[in-house]
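The whole structure should be built from the sequences, with the hints applied where relevant.
Each step along the sequence shown adds one to the number in the working numbering, with nothing skipped, and position 13 is 96.
Hints were generated in silico from the structure; no laboratory data involved.
A portion of the hints provided could be inaccurate.
Here are the computed distance ranges between Cβ atoms for each label pair [said to hold, decoys possible]:
| id | residue 1 | residue 2 | range |
| --- | --- | --- | --- |
| 1 | K116 | E181 | 22 to 28 Å |
| 2 | N120 | A186 | 39 to 45 Å |
| 3 | V132 | R201 | 28 to 34 Å |
Result set (PhoX-like, lysine-lysine): computed pairs, CA atoms no more than 25 Å apart in a straight line [stated by the list, open to error]:
| id | residue 1 | residue 2 |
| --- | --- | --- |
| 4 | K105 | K144 |
| 5 | K105 | K136 |
| 6 | K179 | K193 |
| 7 | K116 | K137 |
| 8 | K145 | K183 |
| 9 | K193 | K145 |
Backbone N, C-alpha and C define an ideal beta-carbon position, used for all residues, glycine too.
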Amino acid sequence: MPKGMDSLTPSIYPSIHPFGAKNLYVIAVRNIKGRLNRLPAAGAGDMVVASVKKGKPELRKKVMPAVVIRQRKAWRRRDGVFLYFEDNAGVIVNPKGEMKGSAITGPVAKECADLWPRIASASGTVV
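Shown next as structure tokens:
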């Protein structure tokens with residue numbers, strides 16, 4: 084997976100689905116064991132632990148899993164292409180990886196679509 088969103092944890096990035104959350108505050112990255120004094124980094128397709136900073140009152144101040152679908156930091160694919168997006172973005176999911184929202188606005192990274200089929204089916208374009 085491409086590591087290194089241009090801001091590591093803790094960071095705030097937009098939630099891209101009409102579920103009621105506007106901004107997600109990343110608390111931790113799942114499946115990162117860690118190293119002393121190193122901040123855990125997340126990339127497209129990684130599951131993170133986040134809370135909602137802006138959005139519906141019933142969603143705010145709760146810790147929930149989310150999946151990163153876009154990252155601004157460039158990464159290199161196996162075929163040699165460098166890819167980056169205009170913004171960092173994520174969607175709220177349940178622990179199984181099923182989206183809580185119904186649709187995604189904007190493109191989704193292919194790395195994320197391969198790992199999370201429910202997210203791929205809800206997205207408009209996969210890049």
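Does K105 pair with K136 here, judged by a C-alpha cut-off of 25 Å?
holds (7 Å)
For the range 39 to 45 Å, tell me whether the beta carbons of N120 and A186 fit it or not.
The hinted range 39 to 45 Å holds for N120 and A186, with Cβ atoms some 40 Å apart.
A range of 22 to 28 Å was offered for this pair. Does it hold for the Cβ distance of K116 and E181?
holds (26 Å)
28 to 34 Å was suggested as the range; check whether the CB atoms of V132 and R201 agree with it.
violated (19 Å)
So if I understand the rule, the pair passes when the alpha-carbon distance is 25 Å or less; does K145 with K183 pass?
holds (14 Å)
Does the alpha-carbon distance linking K193 and K145 stay inside the 25 Å limit?
violated (29 Å)
Straight-line Cα separation of K105 and K144 no greater than 25 Å?
Roughly 13 Å between the alpha carbons, so the hint for K105 and K144 holds.
Does K193 sit within 25 Å of K179, going by the straight-line distance between their CA atoms?
Within the cut-off at roughly 19 Å; holds.
Does the alpha-carbon distance linking K116 and K137 stay inside the 25 Å limit?
violated (29 Å)
Consistency note: the structure conflicts with the earlier hints numbered 3, 7, 9.
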